[in-house]
Amino acid sequence: MPGPEMNPVPTSIRAPFTGARFISLPASPWLATFPIALITAIPVVVLLGHLLHPDQAIWHHLWQFVLPELLANTAWLVLGVGLGVSLLGVSLAWLTAACDYPGRRFFAWALLLPLALPAYVTAFVWLGLLDFTGPLATWLRETWGIHWLPPIRSRGGVILVMVLALYPYVYLTARAAFQGMGPRLTEAAQSLGVPRWRAFFRVALPMARPGITAGLMLALMETLADFGTVSVFNYNTFTTAIYKAWFSMFSLPAAAQLAAILIFFVFVVAVLENLARSRRSYALSTRSSQMPARIALKSWGAWGAFAWSAAVFGLAFLVPVVQIADWAAGVYQQDFDARYLGFAWRSLLLSGLGALLVAGLALVLAYAQRLRPTPAMQFTARIASLGYALPGTVLAVGIFIPVAWLDNQLIDLFGLERQVLAGTLLIMLLAYCARFLAVGFGPVESGLSRITRSVDEAAQSLGVVGVRRLARIHLPMLRASLLTALALAFVDIMKELPITLMTRPFGWDTLAVRVFEMTSEGEWERAALPAAVIVLVGLLPTYWLIKHTEHAHT
Amino acid sequence: MHRIRTSLAALALSLSTVTALAAEVVVYSARNEQLIKPLFDAYTRETGVQVKFITDKEGPLMARLKAEGANTPADLFMTVDAGNLWQAAEEGLLQPVNSKSLQANIPAHLRDPDNQWFGLSVRARTLIYNPNKVKPGELSTYEDLADPKWKGRLCLRTSKKVYNQSLVAMMIKEYGEPKTEQIVRGWVANLATDPLPDDTKAMEAVAAGLCDVTLVNTYYFGRLMEKKPNLPLAIFWPNQNVKAKNAGVHVNISGAGVTKHAKNRQEAIRLLEWLASDKAQNLYADVNLEYPVNPKVKPDPVVAAWGNFKQNLINVAEAGRLQTQAVMLMDRAGYK
Chain A
1 MPGPEMNPVP TSIRAPFTGA RFISLPASPW LATFPIALIT AIPVVVLLGH LLHPDQAIWH
61 HLWQFVLPEL LANTAWLVLG VGLGVSLLGV SLAWLTAACD YPGRRFFAWA LLLPLALPAY
121 VTAFVWLGLL DFTGPLATWL RETWGIHWLP PIRSRGGVIL VMVLALYPYV YLTARAAFQG
181 MGPRLTEAAQ SLGVPRWRAF FRVALPMARP GITAGLMLAL METLADFGTV SVFNYNTFTT
241 AIYKAWFSMF SLPAAAQLAA ILIFFVFVVA VLENLARSRR SYALSTRSSQ MPARIALKSW
301 GAWGAFAWSA AVFGLAFLVP VVQIADWAAG VYQQDFDARY LGFAWRSLLL SGLGALLVAG
361 LALVLAYAQR LRPTPAMQFT ARIASLGYAL PGTVLAVGIF IPVAWLDNQL IDLFGLERQV
421 LAGTLLIMLL AYCARFLAVG FGPVESGLSR ITRSVDEAAQ SLGVVGVRRL ARIHLPMLRA
481 SLLTALALAF VDIMKELPIT LMTRPFGWDT LAVRVFEMTS EGEWERAALP AAVIVLVGLL
541 PTYWLIKHTE HAHT
Chain B
1 MHRIRTSLAA LALSLSTVTA LAAEVVVYSA RNEQLIKPLF DAYTRETGVQ VKFITDKEGP
61 LMARLKAEGA NTPADLFMTV DAGNLWQAAE EGLLQPVNSK SLQANIPAHL RDPDNQWFGL
121 SVRARTLIYN PNKVKPGELS TYEDLADPKW KGRLCLRTSK KVYNQSLVAM MIKEYGEPKT
181 EQIVRGWVAN LATDPLPDDT KAMEAVAAGL CDVTLVNTYY FGRLMEKKPN LPLAIFWPNQ
241 NVKAKNAGVH VNISGAGVTK HAKNRQEAIR LLEWLASDKA QNLYADVNLE YPVNPKVKPD
301 PVVAAWGNFK QNLINVAEAG RLQTQAVMLM DRAGYK
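Chains as they are written, first to last, in my numbering: chain A, 1 to 554; chain B, 1 to 336.
Keep in mind the hints are simulated off the structure, nothing from the lab.
Check the hints yourself; a few may be wrong.
Partial chain A-side listing against chain B, Cβ under 8 angstroms, derived [stated by the list, open to error]:
#, residue
1, Thr240
2, Phe250
3, Gly522
Residues of chain A placed beyond 12 angstroms of chain B at every Cβ, according to the derived structure [as the list claims (entries may be wrong)]:
#, residue
4, Ser86
5, Arg294
6, Arg346
7, Thr374
8, Ala471
On a predicted model such as this, the values are computed, not experimentally measured, just so you know.
Even for Gly, the Cβ is constructed at its ideal location relative to N, Cα and C.
With the hints as extra help, turn the sequences into a complete structure.
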């Protein structure tokens, strides 16, 4: 660990304002990030600890009969979802951030709404609609005698549904990047004779790369960690194999062996991505303060943009929501009661507090990395983001084991009556951080990378350093990124299941827990009611986020 | 003011003594909230004993019990599928309970030979067919569905569901591994479509004519027919005329066991006994259209209308013991 003298930005210089010195960042920012990384690192290490006693018999079986298929399946899924979410996310982000066309204001926030839907619920709706027994196939068969539809229970079907569920991650982060650029860059390119549409590919797209990559990494990590959606399609991936080894073959070591491969893969990709990016600079020397001149799309262009936005919005949100609303209406009388107030309140409370904590820790992590981008720091930051790529139940158990251990130590030491950690809000919130730190870190890190170092130096020369520099200079410039981190973490926690189930106090059921109670018995219609409430509650932060980020840039 | 404060203090004191005296039992349950809460509420009304419970999937609950060790707050572990109960006993999470009433009310093949866990409801996995395309006379046994005459006419739920794993495990016990593998390979060869994600989807595929017959738990059939009574679906009880001693319809259980480190052991046993008693059995089973485990108790009229059947009498513990073997066998046979 390098000493303060190697610090590229000397934070330890005495500030003229002595109060600032008192609250300046720790001499070594790495010390601040290390405990944050531990939140994720401990559960991961606990899980990987099972590798010490590998289960040879089951591993051999998996190697022979299960791994070949799931490696191919997982690779295709990652490739397909990666291409799909990039195409949808970037195109829609550019349209709503830099262009003007009918409906743009509405689509700007509406295109985020699929985030509020649990992906496996969307998957189940689409399976119901498009499978052999669904209304479309039945109608084709009975009216037209057409017996063939492209099979929805297929690789293409899974990829399609996951793209529709996950593109908002890329949309959101790419949009923040395009907005942060303002129009000057493309104007500059145009003044050099580059046509407008080529300016997008030559200038805007490359400059937005940190943002796009941040969203893409989130979408892909969620793809790798997903169990619910692939189960609906009976599509075998790493995650389904991990669950099979653990819960069907009762072998935690074999599950850990599979999880280790998954973690290693994600880690390598994250490090490579980081290396590739750190060789280039994405910072802008000036920030545009005037109203961005949107590219006004005309006739065909405008209608094309409208049709594209409407199609994605319809397929990713409207159709599933109409089906959910229809189901919910059917069970409303039977299932809706005063308890829903409690479910919604607890969901809001957990998501709100969790999002604040995630965004706060992500800011510390990203800022410390900016202050001192040493390999140790970057390694630490990558570790902290790993939780998002692990299947939720696996991570939940990995979190619970050390918490229970600590509880047991405390009980022995102080002769306590019962657990003091497990089943508390604090542990729940820390557990959410272990899972969702990546969701906050991605947007904040890419936001910071767009702020040029000369800003830091200017502040430095004016004697504004440490926490004051962060608060006065960086935070206002990071506003959009922080709001993005908050909103993403909020809706993700709202939908989160395994950690909530495992760490909630007695009687602390949330909306997501209601969805679980119903879907786990195959009662999808009844699950629609809590799912519909999740959507309603999720609408608020989404709408608020977009209103505020629009404001931040216009 | 002072008087109010004193009386408030007295009230608080009396309340705290009440809570200290009020008996309590803590349940970890993988059986869903909507299925168990009505029972616990009824139990509290009848006995005054508070039931605290938390739901989760069985795997995480077992991991939780294990991590908490001797300090676990849980007194009773409740789950679906004998395989999970067997595994909990195997991992030393449960303790034996010697109760005359449990032994009297629960048939021997539906509880642990070592008395660590007890079945509370019976879930029968049977054949559902489309009467427009199949005559009941054509159907006979689970293994017959591997016959080439069913080529392209069979739908199955995914092998990842524990219900199918238990069925195959019990077949391994009954027929041995090589013959079972042959049967499962036969099923896979006869599939009309890739395995479906749940029992309801499998029945809908049969009703829509994609296939002619499938294998489901009866309560899914009951639920679907309640919603859509006109679907062309009928129930068939397989393996009724097989000569073997224990042959019959494959059954599984939902059940419970007292945790090894239960703080309220007596209360847990009392709750368990109550759940298996005549009083609670209908409430327990009927809410999900399952069969009461207690043979003295009649099933829900909807369920009774499906007719009587002979159960497979091999102890359901075998489903747990052979589950890993069954999963491996299905992987080898290409049953996804």
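Do the hints match the structure? See the list:
At a threshold of 8 angstroms, the smallest CB-CB gap from Thr240/A to chain B is about 7 angstroms, leaving the interface hint in force. Using the Cβ-Cβ criterion of 8 angstroms, the hint placing Phe250/A at the interface with chain B is satisfied: the shortest such distance is roughly 5 angstroms. A least Cβ separation of about 5 angstroms between Gly522/A and chain B falls short of the 8 angstroms threshold, and the interface hint therefore holds. Non-interface call for Ser86/A relative to chain B: holds, since the shortest CB-CB distance, roughly 28 angstroms, exceeds 12 angstroms.
No beta-carbon of chain B is positioned within 12 angstroms of the beta-carbon of Arg294/A; the least distance is around 45 angstroms. Non-interface call for Arg346/A relative to chain B: holds, since the shortest CB-CB distance, roughly 14 angstroms, exceeds 12 angstroms. The Cβ of Thr374/A lies farther than 12 angstroms from every Cβ of chain B, with a closest approach of about 36 angstroms, so its non-interface assignment holds. Listed as outside the interface, Ala471/A is consistent with that label: its C-beta sits roughly 41 angstroms from the nearest C-beta of chain B, beyond the 12 angstroms cut-off.
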